Amino acid sequence: MSVYLGSYGNVYLKRKSAQGEKASVVNPADVNASRKRFSFDFESGFLVSGDQVEITSTNGATLAFVTSAGWLDATVQSSGKWYINVDELGGIRLYSNFSAALEGNVSDAIALADIATDIPITVKIANTIPRMLGQCSAFELNTNREAVDTTALSDEFRSQYSTLMSGSGQFTAYWDYIDVTQPGVQEAPHYLLQLALRTEIGSEFSAQFFLKASGYTTGNDVDLVTDQLWYEIDGIITQAGVSFTPDAAVQVTADFVTTGPIRLKAKLATEDRLLQEQGFGMQLEQDPSALLLLDKDQ
Amino acid sequence: MAKIYTGRDGSLLFAGTTQAKVTSWSFQADLEVLETTTLGDSQRSYTPGIQGFSGSATLLYYKADDGSIDAGNFLSKVINAGATGVTTSDVVTLTLRLADGADENDIAFSAYITSASIGASVGEITSAQVSFQTTGSLTTASLS
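Respectively, the protein sequence lines represent chains H and R.
Here this note's numbering is used: position 172 in the first sequence is 172, and no number is missing along the way.
Numbers in this note's numbering are just positions in the second sequence, counted from 1, shifted up by 298.
To be clear, the hints were calculated from the coordinates, so they are not data collected in a lab.
Bear in mind the structure is a predicted one, so any value in this text is a computation, not a measurement.
Careful: at least some of the hints might be erroneous.
[Claimed, not checked] Listed next, the stretches of chain R that the computed footprint assigns to chain H, with coverage defined by at least 3 CB atoms under 8 Å from CB atoms of chain H: (1) 314-324; (2) 340-350; (3) 418-424.
Glycine is no exception: its CB is placed at the ideal position from the N, C-alpha and C atoms.
Kindly generate the complete structure, drawing on both the sequences and the hints.
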């Protein structure tokens, strides 16, 4: 047994939206091709710089305001995913990667084209990559199992029946709004404040709370170095705050409650190794040259 | 020996069989009184009329190892698909018991189940609330 220090725990966040997609219309006047920006009607806070969004036209038309440079196969289609930067006027620029979207340079934005007719669209947050919450100084995750009293007449001891599971917790991180040293690698703590204000699509996120991260062990057993144990949850920010005092670093604190299942996962085996309960080899029905395909990590 | 009775000492028997998951029962005795006050009297006077008894119980909707539903005996008397409704054959024999070891203080009677309700709520145990109205005299009343 060992004693672990909190210095090797970390939090990974994945952006998502709880309430699905938003419908709107891109008008010809909304597209400014020379400045590589466009817009549509959405509430302030609906989209945050760094979001990966999926834009789909609802009438089957192609998204003609995105030039062929914005598509992997250089063919304009009716649905696509990009990272976005939202400027102070609500204008949107599209980017091909997260770090460029956070920086928001016009030169890195995907070129746009003027359109002649309205294009009805739906937009939804479609992030798939979790990113470590930068400068996180503490986190707390509590799980709570409700119990209902089932004591009956004649019983001498109380009996309880377990019912619903819930969770809650808190992040604390030193506030910053952009990571200039490793742009795009970590999620800036400022995102927690933005997340709390997302009234239109909800303040939902996915998170992984690592109890033990890879690359660390307290003992001499090097086999444990790659082990990882973490909680995986979907959560909703219920409260976010930032405090400024002259004699202390600015910290962001965000409280959350979980929604849906809480999973405690472990990755204890060597990567890319298929485990089986038996000690003998795995027989394949196919001919000797057949291959067993593994869905392995990168 | 002196004793204070609590829920630990209580039980409910349906046709002589103790129901496993009863969380409460209550029993009420009523007496109608007929006024016999006459002109010239200074105080009202009464004579006893008809007695009646009713009560209620709450049971967990509980399936035992043998597959039987603890509250099912009660529920089936008023929640059933029969076209004839409730008949005299639906009279049940109930015993409300407060026991001190082998010393059993019982109220036993025949009754009709007059209401039954059941529901399901998120995060709560499903229970059934039943009310009953006795018919005839009590068969046992050994509370004293």
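Going through the hints against the structure:
{"no.": "1", "hint": "314-324", "verdict": "holds (count 7)"}
{"no.": "2", "hint": "340-350", "verdict": "violated (count 0)"}
{"no.": "3", "hint": "418-424", "verdict": "holds (count 4)"}
Checked against the numbered hints above, the structure violates only hint 2.
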